[in-house]
Amino acid sequence: MGLHRVLEPRGVLPQAARRLDADPRIRPDEVRVRVERLNLDAASYRQLRTEHGDDAEALRRAVLGIVAERGKMHNPVTGSGGMLVGVVDEAGPASPLGLRPGDRIATLVSLTLTPLAITDGLARWDGRSEQVPAEGHAILFARSIAAVLPDDLPMPLALAVMDVCGAPALTHRVVAERVGRGAPPVVAVLGGAGKSGSLSLAAARRAGAARTVGLVPDEDERRRLEASGLADAVVVADARDPVAVAEALGEPADVTVLCVDVPGCEHGAILGTAPGGTVVFFSMATSFPAAALGAEGLAADVTMLIGNGFVPGHARMALDLVRSVPGVRALFTARTGGGSAQ
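When we follow the numbering used here, the leftmost residue of the sequence shown carries the number 1, and every step to the right adds one.
Take these hints with a grain of salt, some might be off.
Simulated restraints on C-beta separations [said to hold, decoys possible]: (1) Asp21 with Asp126: 39 to 47 Å; (2) Glu219 with Gly11: 49 to 57 Å; (3) Ala227 with Asp151: 35 to 43 Å; (4) Gly264 with Glu219: 17 to 25 Å; (5) Glu8 with Arg34: 44 to 52 Å; (6) Gly182 with Glu69: 30 to 38 Å; (7) Asp152 with Gly102: 41 to 49 Å; (8) Arg181 with Asp232: 29 to 37 Å; (9) Asp126 with Gly98: 34 to 42 Å; (10) Glu8 with Ala183: 35 to 43 Å; (11) Arg181 with Leu64: 49 to 57 Å.
What the hints contain is simulated information worked out from the structure, not anything from laboratory work. Think of the CB as a built atom: it goes at the ideal place given N, C-alpha and C, for glycine as much as any other residue.
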């Protein structure tokens, strides 16, 4: 679990640690990865851009400062990190991950618990994207998760998909359970044109949802999502405005999936969900006290799930959706620029 990498405070798991040891020397059950690219999670990147604007040098200093101080990319404001792509340098003989030197992988665990060192000053990052070209090394533990990158998808696209692959897998599970009980649900996805949102819409439809609704913030996003064909209906509202969300959705959803990367969207997701329904929180900007207390204050009888980013087979499912659903592929390609596989 990486407990030996925790420098302070002792006794906590790596995710909760203030500082990790990123020593490149590995134990028998660890793997060292040569870093090629970081993918900052959406909430963290938005916070950094809000604080530093388009000042690329300031953005680089901010990320480098976090990594140097903490031994990991763990944004102290948002509490989130992201994930990375790299090449396996060395795999310990007792590692259960099945990785070999030379494997090009994406880590499917958060950078908030991954020992990390950066050696190139992030000199190639212009600050305009959450995908950060980088050089350095990272350490994976026996309980970490990683996937070898597919050969048939451009690397920026595959990285963007794997960064959010927990969302469609859990959405599929929640919807399929209701379908199995003979009650195909109406599914609303707040942030439906985004990465996790578009995948969640596709997964809900594949699982047998009775109807899918995508909520987006503006007309531009509406046009994009309507063109993708992923949602049966697309509505426009500010996800931070609970009454606007409920009015835009009209009929309360049986399952609501929150994929918006800004704070303050918890109450809209709850208010837009029918009694006995389920709300799945996939945004790292979510305040879980606000969600719990807001549901109580609204006397909302809803089940609230934290999207923890891991469901068995989640990477495989997400990549299959990108390959097989043209609308998902189109939205992702537009966001990643259809980058080179290299």
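field: Beta-carbon spacing of Arg181 to Leu64 - inside the hinted bounds 49 to 57 Å or not
entry: Between Arg181 and Leu64, where Cβ atoms are some 50 Å apart, the hint holds.
message: Does the beta carbon distance between Gly182 and Glu69 stay inside 30 to 38 Å, or does it fall outside?
response: 53 Å, violated
- request: Evaluate the given range 49 to 57 Å for the C-beta pair formed by Glu219 and Gly11.
  value: 51 Å, holds
field: C-beta pair Gly264, Glu219: status relative to the range 17 to 25 Å that was hinted
entry: At 22 Å between Cβs, range holds.
field: Range agreement (Cβ of Gly98 with Cβ of Asp126, hint 34 to 42 Å)
entry: This hint holds: roughly 35 Å between Cβ atoms.
- request: Starting from the range 41 to 49 Å, see whether the pair Asp152 and Gly102 falls in it by beta-carbon distance.
  value: 19 Å, violated
task: Could you check the hint for me, namely that Asp21 and Asp126 are 39 to 47 Å apart, CB to CB?
output: For Asp21 and Asp126 the Cβ distance comes to about 31 Å; the hint is violated.
- prompt: Within 35 to 43 Å or not, the Cβ separation of Glu8 and Ala183?
  reply: 49 Å, violated
query: Should the hint that Ala227 and Asp151 are 35 to 43 Å apart at their CB atoms be regarded as holding?
result: Violated, since Ala227 and Asp151 (Cβ atoms, about 29 Å apart) do not stay within the stated range.
query: Is the distance from the Cβ of Arg181 to the Cβ of Asp232 consistent with 29 to 37 Å?
result: 21 Å, violated
field: C-beta pair Glu8, Arg34: status relative to the range 44 to 52 Å that was hinted
entry: Given a distance of about 27 Å, which is not inside 44 to 52 Å, the answer is violated.
Violated hints, in rising order: 1, 3, 5, 6, 7, 8 and 10; the structure is consistent with all others.
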